[in-house]
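Visitor: These are the residues of each chain, in order.
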Amino acid sequence: MSASAAKGAVAAAPRPRRRLHWTLVLPLGWLSLVVVLAITADWIGLPDPSAQELILRRKPPSLEFLLGTDNLGRDMLSRVIYGARTSLIVGICAPVLGFLVGGAIGMSAGYFRGKVDMLAVGFIDILLAFPSLVLALTFTAYLGQSLFNVTLALGILSIPAAARVARANTLAWANRDFVLAARTIGASDWRILTREILPNLLPPMFAFWLVAISVIIVAEGALSFLGLGIPAPQPSWGGMIADGREALDVAPYTALIPAAVMFATVLSLNFVGDMVRNMVDPRRSAL
Amino acid sequence: MPWLARQLVRLVVVLFCVTLLTYMIVNILPGDVAIVILGNLATPQDIAGLRADLGLDRPMLVRYFDWLGSALSGDLGRSYRNGEPVVQAILDRLPVSLQLMVMAQVIALGIAIPVALLSVRRPGGLFDRISASAAFGFLAMPNFMLGIVLIYLFSISFDLLPATGFTPMSEGLWDNLESMILPSLTLGLIEWTVLMRVLRSDLLTTLKEDFILLARAKGLPPWRVLLQHALRPSSFTLITILGLNIGGLIGGAVIVEQIFALPGVGRLLLGGIFNRDLILVQGTVAFIAVGFVVINFLVDMLYAVLDPRVRHVRFRS
Amino acid sequence: MSGSAKSPAPLLSVRNAQVSFSTARGPLRAVDGVSFDLQEGRTLGIVGESGSGKSVLVRSLIGLVGAGSGAGVGGEVLFEGRDLRGLSPREFRSILGTEIGIVFQDPMTSLNPVMKIGRQIGEGLRLNRGLDSKAAARRAVELLNEVGIPEPERRAGQYPHEMSGGMRQRVAIAIAIACAPKLLIADEPTTALDVTVQRQILDLLQGEQRQRGMAMILITHDLGVAAGRSDDIMVMYAGRAVETAATREIFRSPRMPYTEALLRSLPRLSDATHTRLSAIPGRPPDLARRSGGCAFGPRCLYRTERCDAEQPALTRVAGRGYACFHPRGVESGEAA
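In order, the protein sequences belong to chains A, B and C.
Counting in this note's numbering, the first sequence runs from 40 upward without gaps.
Counting in this note's numbering, the second sequence runs from 2 upward without gaps.
Counting in this note's numbering, the third sequence runs from 3 upward without gaps.
Derived from the structure by calculation, the hints contain no laboratory data.
Each hint should be verified, as a subset may be incorrect.
[Said to hold, decoys possible] Calculated lysine-lysine pairs in the BS3-like style (CA-CA distance at most 30 Å, straight line):
id: 1; chain 1: C; residue 1: Lys118; chain 2: B; residue 2: Lys209
id: 2; chain 1: C; residue 1: Lys118; chain 2: C; residue 2: Lys184
id: 3; chain 1: C; residue 1: Lys184; chain 2: B; residue 2: Lys209
id: 4; chain 1: C; residue 1: Lys136; chain 2: C; residue 2: Lys118
id: 5; chain 1: C; residue 1: Lys136; chain 2: C; residue 2: Lys184
[Stated by the list, open to error] Which residues of chain C face chain B? A partial, calculated answer using Cβ under 10 Å:
id: 6; residue: Ile64
id: 7; residue: Gly65
id: 8; residue: Arg95
id: 9; residue: Gly99
id: 10; residue: Val105
id: 11; residue: Phe106
id: 12; residue: Leu113
id: 13; residue: Met117
id: 14; residue: Gln122
id: 15; residue: Glu125
id: 16; residue: Gly126
id: 17; residue: Leu129
id: 18; residue: Asn130
id: 19; residue: Ala174
id: 20; residue: Ala180
id: 21; residue: Cys181
Here a beta-carbon is modelled for each residue, glycine too, at the ideal position from N, C-alpha and C.
Please construct the entire structure, taking both the sequences and the accompanying hints into account.
Guide: Below, the structure is given as structure tokens:
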């Protein structure tokens with residue numbers, strides 16, 4: 040861990056350093072599998088996820104189709120893997136937007152206080168005044184559905200949370216003596232922000248990012264489930280679950296398999312995210 | 002300025018910004034509206050004519066204030082699709098959504114409070130660890146996934162409850178509850194986790210306080226100490242979280258209403274979006290957002306009422 | 003200890019009380035073999051620095067040592083002849099509620115901030131003495147009056163934060179005496195209060211005690227407070243009782259060098275101006291790391307090699323007790 044992360048850990052209550060618990064192996068393993076498959080999807084000889092073979096619809100898992108086929112005869116394994124790719128792209132990139140913009144807002148608010156703070160907090164409050172799903176729906180409905188727009192919409196949604204984390208942490212750090220010291224030697228605000236405060240913000244922002252990934256993946260799933268996320272025929276876990284819903288009575292696996300995969304991924308992400316939070320900011324972790 | 006007045010001013014400002022933002026997002030592509038109504042084969046003149054008729058060529062702010070003015074007098078326009086007044090459509094469906102959310106919260110609290118109390122009796126004990134793991138697991142479930150699973154289990158596998166459809170209370174309380182149980186469970190089974198954790202954490206903190214020691218020193222039995230002395234001071238964060246969660250609950254309601262085909266406001270909104278019914282969407286989103294802001298405001302006030310310390314400090318200033 | 007040999011059975015009898023916590027650095031013996039008796043109607047002052055174990059001792063006696071903190075509790079506690087530790091939880095709670103009253107140090111934290119005062123006083127009455135809520139409320143107002151709070155009816159409907167510190171402590175006392183206990187325990191009752199109020203509270207405590215014939219344990223770090231208010235004093239250091247005697251005798255001729263040093267460090271009005279305050283050099287020992295010798299040794303002016311090697315046991319002579327190899331004011335022939 041970097042020196043500042045270690046500093047952060049020491050500043051919190053003294054806690055015995057946890058070794059990598061065996062329980063971390065499972066979630067990390069699953070996540071690695073998902074990531075690797077998502078990245079190498081094009082090269083491992085998967086059948087085309089959009090290839091429909093209506094004769095072969097709703098087949099249960101077999102040797103030929105490892106996870107069965109969906110309503111339109113498409114290979115589920117392939118769709119699940121390509122769906123992973125979609126979820127991961129959105130899940131990883133959206134929070135980046137969130138904390139670039141939100142982080143900047145939060146840092147300015149926490150550092151400059153006064154009117155800037157008031158404006159920032161007001162802006163955050165307004166964004167938070169919408170139930171998030173409703174806001175996301177409205178975005179994608181009127182900006183158009185595409186991978187980019189979904190990422191953008193969810194990124195905007197994560198701005199308030201990121202801003203809050205950044206602001207809280209900046210407030211905590213900006214009053215420390217070393218910042219005061221930097222000011223007295225005439226360092227400019229920009230320099231202080233980037234050299235002194237930003238490095239100390241990185242650990243909590245990283246923890247936030249990990250948590251945000253799983254939240255965004257679920258949000259994208261919800262949007263796609265409702266038909267307002269990733270447009271068909273591009274596979275997405277949420278969309279697959281929605282498709283499978285019609286066949287719940289005859290072929291439940293078409294819905295339950297992507298559901299299980301999504302659940303496992305989110306659970307693993309939460310687990311790992313929580314472990315990281317434990318190391319960085321023990322007060323807020325759940326386990 | 003007294004505290005209450007300041008809060009009200011803040012409320013009004015937020016409401017204003019929220020409705021403005023709603024209007025702006027929905028009206029980003031004004032051209033669409035005319036095309037939607039007239040169809041793809043409309044000529045440019047027809048489109049321009051309709052736009053002028055509908056006042057779509059005026060600047061957005063002007064249109065916004067127009068709309069706001071009507072909204073404040075109770076008129077949110079008429080839906081494109083069926084001409085029904087938006088306000089009426091919303092009010093017809095509001096009871097369903099409200100019933101869903103209330104039942105979900107009741108279920109969530111009904112699980113969270115006892116579980117938290119039992120966990121805290123022996124922190125770190127078996128029940129505590131099991132409930133913490135269960136909470137973690139349920140929290141990771143996306144609500145649409147849980148909904149599907151519940152349908153699969155209760156409707157399809159065991160045929161206990163209806164998968165979709167809504168029976169209003171006027172047609173029988175039991176039937177109504179039957180149609181609402183799965184949807185409420187879907188939301189409640191995820192909600193309880195956050196509530197339980199927060200309450201448990203607060204309880205543990207409170208139990209370390211001296212006045213708990215004094216309560217024990219009075220010879221009070223442990224359950225009485227928990228319920229009469231520890232619970233109330235620990236419930237403040239719970240109430241705040243309840244309030245904060247309403248946003249998620251509303252979003253969840255949209256999904257759940259869709260899955261279970263409940264005629265609620267969420268489903269109305271989705272229908273409006275799919276039908277490109279601009280006015281309906283505008284009105285519905287504004288309604289939801291305003292409702293959410295007002296509820297949060299009320300929760301803040303409730304907090305002040307419940308915690309006498311807050312009340313006295315605040316009102317004195 | 004009371005001097006008379008034919009005294010009746012003590013109200014409270016503690017034998018070899020032990021409390022140890024398991025910490026990351028090993029077991030920490032907060033209380034290490036303390037014994038004392040307390041007669042009805044008498045006051046025992048337990049004096050010691052912070053960390054001496056005085057609060058932990060008393061809390062362990064009434065079963066209030068922090069739950070689940072891995073505390074190991076040992077020894078016998080006989081109240082009116084019954085061993086408290088051997089009772090079922092319910093029986094124990096019943097005795098605790100009706101026979102023992104406790105006043106804690108900081109009334110801001112020891113009173114429930116979101117419960118009305120009247121209800122907090124009446125709670126014990128309703129539960130332990132079976133009063134109905136009306137009777138309990140009436141009695142609560144009477145008690146508020148008794149402890150010297152003006153406008154008791156109005157105050158009964160208030161919350162703790164609406165009162166001053168002194169008033170809150172009076173309320174705490176009212177709660178403690180509500181069920182007419184036989185033993186009143188006051189754990190640093192005045193430490194969190196203004197000096198001007200301290201005396202009033204101590205007077206109140208003493209007044210209530212005399213009026214109701216209660217025995218009292220007064221815990222304090224301030225020897226001056228213990229001086230006028232207790233019949234006997236037990237001085238604790240590092241979890242052990244290092245000196246016990248009637249108050250008069252402790253002040254006249256302390257035996258433990260620690261007690262002597264404590265007395266010396268009390269500033270007196272009769273001192274000349276600019277007299278240096280004499281403090282005891284060094285700091286209280288780390289209870290997790292126990293050396294073999296006397297715990298006070300490193301700070302003692304009279305320490306010898308024997309003090310470092312052996313731990314002195316509490317010697318009881320003529321109604322007094324001291325744990326020292328070189329007690330003050332004693333001919334060397336009588337030394338332990």
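Visitor: If a hint holds in the structure, say so; if it doesn't, say that too.
Guide: Going down the list of hints, with the structure as the test:
The suggested pairing of lysine 118(C) with lysine 209(B) holds, with an alpha-carbon distance near 20 Å, which does not exceed 30 Å. With a CA separation close to 26 Å, the supplied pair lysine 118(C) and lysine 184(C) stays within the 30 Å bound. This hinted pair checks out: lysine 184(C) and lysine 209(B) have alpha carbons roughly 27 Å apart, not beyond 30 Å. For a cut-off of 30 Å, the pair hint linking lysine 136(C) to lysine 118(C) stands: about 15 Å separates their Cα positions.
At most 30 Å may separate the alpha-carbon atoms for a hinted pair to count; lysine 136(C) and lysine 184(C) meet this at roughly 25 Å. Given the 10 Å rule on beta carbons, the hint for isoleucine 64(C) holds: about 6 Å separates it from the nearest Cβ of chain B. Taken as an interface hint, glycine 65(C) checks out: its beta carbon lies about 8 Å from the nearest beta carbon of chain B, inside 10 Å. The interface hint given for arginine 95(C) holds, since its Cβ lies 4 Å from the closest Cβ of chain B, which is under the 10 Å cut-off.
Taken as an interface hint, glycine 99(C) checks out: its beta carbon lies about 2 Å from the nearest beta carbon of chain B, inside 10 Å. Against a cut-off of 10 Å between C-beta atoms, the interface hint on valine 105(C) holds, since the closest Cβ of chain B lies about 9 Å away. This hint holds: phenylalanine 106(C) has a C-beta 6 Å from the nearest C-beta of chain B, less than the 10 Å allowed. Hint on leucine 113(C) holds. Least Cβ distance to chain B is approximately 6 Å, under the 10 Å limit.
For methionine 117(C), the interface hint holds, the least distance from its beta-carbon to any beta-carbon of chain B being 7 Å, beneath 10 Å. Taking 10 Å as the C-beta cut-off, the interface hint given for glutamine 122(C) holds, the closest approach to chain B being about 8 Å. The interface hint given for glutamate 125(C) is met, as the beta carbon of that residue sits about 6 Å from the closest beta carbon of chain B, less than 10 Å. Given hint, glycine 126(C) at the interface with chain B, holds; its Cβ is 4 Å from that chain's nearest Cβ, closer than 10 Å.
Residue-level restraint check for leucine 129(C) holds (minimum Cβ-Cβ distance to chain B is 6 Å; threshold 10 Å). A least Cβ separation of about 6 Å between asparagine 130(C) and chain B falls short of the 10 Å threshold, and the interface hint therefore holds. With a cut of 10 Å, the hint placing alanine 174(C) at the interface with chain B holds, because the nearest CB-to-CB distance is about 8 Å. Interface hint at alanine 180(C): satisfied, since its Cβ lies 9 Å from the closest Cβ of chain B, which is below the 10 Å cut-off.
At a threshold of 10 Å, the smallest CB-CB gap from cysteine 181(C) to chain B is about 8 Å, leaving the interface hint in force.
Comparing the model with each numbered hint stated earlier shows that all of them hold.
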